[in-house]
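Trainee: Protein sequences appear in the order of chains P and W.
Sequential numbering from 0 applies to the first sequence in numbering that gives the first Met the number 0.
Sequential numbering from 0 applies to the second sequence in numbering that gives the first Met the number 0.
Watch out, some of these pointers could steer you wrong.
Chain copies aren't distinguished; within one or between two, either way the pair holds.
What the hints assert, rightly or not - Here are the simulated lysine to aspartate or glutamate pairs, EDC-like style, with alpha carbons at most 16 Å apart:
#, residue 1, residue 2
1, Lys259, Glu277
2, Lys211, Glu284
3, Lys337, Glu164
4, Lys259, Glu79
5, Lys325, Asp117
6, Lys211, Asp304
7, Lys211, Asp301
8, Lys337, Glu177
9, Lys211, Glu289
10, Lys337, Glu79
11, Lys325, Glu113
12, Lys325, Glu79
13, Lys69, Glu177
14, Lys180, Asp147
15, Lys211, Asp240
Since the hints were made in silico from the structure, they are not lab data.
2 protein chains.
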Amino acid sequence: MRTITWNTEAQCLTYIDQTRLPAELVTVETQSVTRLADGIRRLEVRGAPALGIAGGYGVALSCFSHQNEKAGQAFCHAVETDAAFLRATRPTAVNLGWGINRVLQTALPEETPEAAFDAALREAQAIEEEDIALCHRIGANGATLLPDTCTVLTHCNAGALACVEWGTALGVIRSAVEAGKNISVLSCETRPLNQGSRLTAYELQADGIPVKTIPDSAAAHLMRRGMIDAVIVGADRITPDAVFNKIGTYMHAVCADHHKIPFYVAAPYSTLDLSQTEADITIEERARNELAICGDRQLMPDGVDVVNPAFDATPLSLVTAIITDKGIFRQPYSELAKQDERVEP
Amino acid sequence: MRTITWNTEAQCLTYIDQTRLPAELVTVETQSVTRLADGIRRLEVRGAPALGIAGGYGVALSCFSHQNEKAGQAFCHAVETDAAFLRATRPTAVNLGWGINRVLQTALPEETPEAAFDAALREAQAIEEEDIALCHRIGANGATLLPDTCTVLTHCNAGALACVEWGTALGVIRSAVEAGKNISVLSCETRPLNQGSRLTAYELQADGIPVKTIPDSAAAHLMRRGMIDAVIVGADRITPDAVFNKIGTYMHAVCADHHKIPFYVAAPYSTLDLSQTEADITIEERARNELAICGDRQLMPDGVDVVNPAFDATPLSLVTAIITDKGIFRQPYSELAKQDERVEP
């Protein structure tokens, strides 16, 4: 089952509502850009690569919904307005804007709204197919780094549910298992939205890969007790100086460094943003209720505020290697930019 | 309002049920050792100093309940059996056993069960009164370490609710505020039971001390951004080589060290256990449901297991200072043991 895809019969976007897992597996079917934007904001669809695909399909949905009502400049303006609206839902992840821009650039030059929709849909579907292939390349590249028997710590969900299938960080684990390695996973629950306990545990269990959940704050303790051999996480954006990923990633990197445990980042090469540096990037601040309420439980007194950043930045000096579909990059990461020059603009 | 005390009119123990905060302020009144043991296990009463007092009162309750049914050896045996039962509820905190033993040693030599109950009650009440005085001494000692204006990170709840009033780590903050210092607190929510967001935020808000809640995993990120000037936590046991405290403490210590931020432990001198070392101490493993369920929400798929240690051990090399009622101890902590020789056995 794909995390996100186009339903050609119903002519709509369909994706797994990740806020309902693991209690229920529910899919959302929508033709509405507003509904998709809301779903992205609510993290029904989340994970850097999946956001790139969602952004691409969002442009296709926009073309679809405007094709019978507008044409020419007015059509382009309406689609670009929708694109800006979608782009603003999650400011930190690079992939969302990347997917939106890639599909916009393909669709808008077309002669008619109908042709624009066709082109947008084809391009979004191409991103979806590419994601599957590149996750397998990331997996194959990264699997070589893991010992034959080891326990890997991961944070948040950089798995099939963050992509279309296979995953980035979990793709490395899946490829290592497929290669016959004996991998156990410790999944940090990943407060406040528990992507680790809800999603990573769910999809690894489904694949029969041994997984246990731990509180985020227990990772350092387990490192000290020799129970963690490597850390692998995904990334939402990689600048030449830092990896942006789910809040808590930096803490694991500092603690892995302290315990001389390798710390790996696995991400599509498209996650790289070499035009900016850490200081340029806005870290999304999420709502108070994520920390104050869980189900029917009140976890904080009324009137107390929170600091709830969605992401943190890990300086590359703490990252042992970045595993991409274009190969493995290592300290001092000078090859990252060189590789970029070989990529089509 | 005291966290735990004896109700002389009703001849029963009364304590705040901390599992119900911050939604409701409910007190438990009980004459039953079994009920108290269950309350300790469920963390209705928790926090190292409060557990010492609860243990003391537990022995008093035991004497009270056996005084009319048993005498002599049978009475002593019944009380000692209850004491062992209480002691086993939380294996890691030193104070629980310390409070139990102190009251046992006072009560059991008495001639009659009635005299034993009187002595036990007086001794438990003495521990309660001493706790208030020593928290104020800890506070006064520690307040000198904080800058006039600063933001302090704390983890879990080492406040009034962990003691009788004032608190240890939060006692230092309260004393600093009382001395005119301008202190803001970042309270880590402290998964999985959220003592930081539920209890620390609650009692600091009640005192008008500025407090915000953060996910445990955000602390390192905020340290890196220069938003934390010091870390203060409590302790459940201090051996000559390590501080045992709520899971996550070690992670904060590693990250504070990485960022050159002072890391303080505030605890009664009775928290010291100089007869053992880290390797001797069993770290309590808590139930799966603490991570799997929150209110009516399922946070993990069925069949996935957890690693859920209640505590971790922070080597003293990462601790800037230990603030006690007997003064401030610093690296290399050789004075800790010397001070011990001056204490009554």
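Trainee: Each of the hints needs a verdict: does it hold here or not?
Mentor: Results of checking the hints against the structure:
1. Lys259 x Glu277: neither (25 Å within a copy, 22 Å between copies)
2. Lys211 x Glu284: between (29 Å within a copy, 14 Å between copies)
3. Lys337 x Glu164: Answer is neither; intra-copy 29 Å and inter-copy 61 Å both fail.
4. Lys259 x Glu79: neither (48 Å within a copy, 47 Å between copies)
5. Lys325 x Asp117: neither (29 Å within a copy, 77 Å between copies)
6. Lys211 x Asp304: Answer is between; shortest inter-copy Cα gap is 5 Å, intra-copy 32 Å.
7. Lys211 x Asp301: between (34 Å within a copy, 12 Å between copies)
8. Lys337 x Glu177: neither (31 Å within a copy, 58 Å between copies)
9. Lys211 x Glu289: between (23 Å within a copy, 14 Å between copies)
10. Lys337 x Glu79: neither (32 Å within a copy, 73 Å between copies)
11. Lys325 x Glu113: neither (35 Å within a copy, 80 Å between copies)
12. Lys325 x Glu79: neither (31 Å within a copy, 68 Å between copies)
13. Lys69 x Glu177: neither (50 Å within a copy, 67 Å between copies)
14. Lys180 x Asp147: within (5 Å within a copy, 55 Å between copies)
15. Lys211 x Asp240: neither (32 Å within a copy, 30 Å between copies)
Going down the numbered hints, you'll see the structure goes against 1, 3, 4, 5, 8, 10, 11, 12, 13 and 15, while the others check out.
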